[in-house]
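**Student:** If you want the building blocks of each chain, they are given just below.
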Amino acid sequence: MNNSLWSDAIYRLARNKAAMLGAFILILLIIAAVLAPWISPYSYSYQDLNLGASPPSADHLLGTDILGRDLLSRILYGARISLLVGFVATGVALVIGVSWGIIAGYSGGKVDSIMMRIVDVLYGLPFIIFIILLMVIFGRNLWLLFGAIGAVEWLTMARIVRGQVIGLKNQEFVMAAKAMGVSNLAMFRRHLLPNILGPIAVYATLTIPQVMLLEGFLSFLGLGIQPPMSSWGTLIKDGVESMEEYSWLLIYPGLTFTITLFALNFFGDGLRDALDPKTTDN
Amino acid sequence: MLAIFIKRILLVIPVLFAVASITFFLIKLAPGGPFDADKAVSPQVLKNLNEAYNLDASNWEQYVDYMSNLAQGDLGPSFRFPGRSVTEMITTGLPVTFELAFYAILIALVMGVFSGVLAALKRNTFLDFIPMAIAMIGICVPTFLMGPLLVLIFGINLEILPVSGWGQLPGDKILPSLTLGFAYAAYIARLSRGGMLEVLNQDFIRTARAKGLTEKMVVIKHAMQGGLIPVVSFLGPAIAGLLAGSFVVETIFQIPGLGRFYVEAAFNRDYTMILGTTIFFSAMIVFFNLLSDLAALWLNPRSRDAS
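If you're matching them up, the sequences are chains A and B in order. Those letters in the first sequence? Residues 1 to 282, by the working numbering. Those letters in the second sequence? Residues 283 to 589, by the working numbering.
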């Protein structure tokens, strides 16, 4: 692997203030999500029934919801679900998309055209509707949600990886490896994959916010995470239902969600610019 | 050109056939029959219901039956709204959803193309940064948050616009259309800025300038035709996104459109309705994808002249 490419990229990334701010926010969020059971002031399901919905106060920094549950705690616990969905579903998409793209691109010929035709056809399908259908038919299962979302998002990844692999395939080092009798699997792992990590990393970072939006969308329709657990999508849904009287229940979860998406997009854009300098200065 | 056209259209048929078949058998996998959720029905009534809707036939028979009806454009009766057919419900909801989507796309195109082209022309100035920052907000604030926020601001706090309905109160179409359109305006702004920047550096633009065309002519006649191809390609998938958006927007604003029907059908387990709308949505999405691909092909002189 070309070291100077990566060190250059890291240097450029470190100079990009928006991307660094994004990374900082993300790290903070991930730490908060992991430590949620220890740092959140209350349990996500603890109800202070005397309180009901109360605006932000010293006891409850972001106020409480209609059932007297601490909003800050619920947002922290929600971060676990929302980020988990984001990362796991993106992981699923990554595994399928990268394998599909490498195989199609490396095989070429008939295999390639059949595999990519399948991607073309799948692209045209209303996946949102299929996900809704799956959630309706099989119940609102968290793991099914991961799988369903991941199964949708791999298509673009497959296209990107295939394009990259086709570019690499005819280079001398790949041919040399082939001539030396390297097996296909070793070829993928040792020679192709390391060389396409850049675009994969960029696309993965930009897929996470897409996935989180999709999860939020499903939760908003009531097809996502079930109470008393909550993702940010469900918190926003609950917030909308009572926004006329208790606007903070909508505003704080909404703000958290938006800031996270901002951070992810800024970081992803920064990463893309850092790895592919020609996109920034043409 | 014509060959590509025909090839693409022929591909539509197997796709729709696959969608209909997959959806049909997925729904058959669902635990419980469509009438199980009702309050205890006597076995005789259940039997009659099943007979009336042909549910006692084998899955295969039902499938063949459904597909042959589908080929004639009949999507069957709704399970939840006795006496109404799915086709009938789609025709009631469709105009509303179409109107909403039309306004949204219009808003998105006007706002997006204008600010994107402007940003590209005034690169690295104030007029570039501000629209692009707003576009970033449009991308990061999801529809299901944007809608309620607009309602909170304009409907509840300022009390200048109605917060729900469609065509009942003056101005009640503004907030839903804005909500749905804004996210797309953001994407289109970014796409047209990127596309324009790429084109503006090319030789034919320099030639156009060199032969003494006004800047306005260069931009409108030469640059925009190539620079906006990404926007045209985006419009097809955007229609699919608009559908998903219409689920949310129609739910928030209580608009009696197809999106809300679908969400309700999903909750009511109205299987024929789900099946019918899924096939219908797929047909629309495939159709619009085809349309935007062909338009993008045609706009690009290279591919237009190639065949």
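Source of the hints: derived by calculation from the structure; they are not laboratory data. In this text, all values refer to a predicted model and were calculated from it rather than measured experimentally. Each residue gets a CB set at the ideal place from its N, CA and C atoms; glycine is no exception. Treat each hint with caution, since some may be false.
Here are the in silico distance ranges between beta carbons for each label pair [what the hints assert, rightly or not]:
#1 A:S7 - B:A415: 51 to 61 Å
#2 A:A32 - B:Q354: 49 to 59 Å
#3 A:L168 - B:F408: 39 to 49 Å
#4 B:K498 - A:I39: 36 to 46 Å
#5 B:E497 - A:R140: 29 to 39 Å
**Student:** So, for every hint listed, does it hold in this structure?
**Tutor:** Against the structure, the hints:
A C-beta distance of roughly 31 Å is found between A:S7 and B:A415, which places it outside the suggested range of 51 to 61 Å. At roughly 57 Å, the beta-carbon separation of A:A32 and B:Q354 lies within the given 49 to 59 Å, and the hint holds. Look at A:L168 against B:F408: about 42 Å separates their beta carbons, and that is inside 39 to 49 Å. Distance hint for B:K498 and A:I39: a CB-CB separation of about 59 Å, inconsistent with the stated range 36 to 46 Å.
In this structure the supplied range 29 to 39 Å is violated for B:E497 paired with A:R140, their Cβ-Cβ distance being about 56 Å.
In summary, the structure is inconsistent with hints 1, 4, 5 from the numbered list given earlier, while agreeing with the others.
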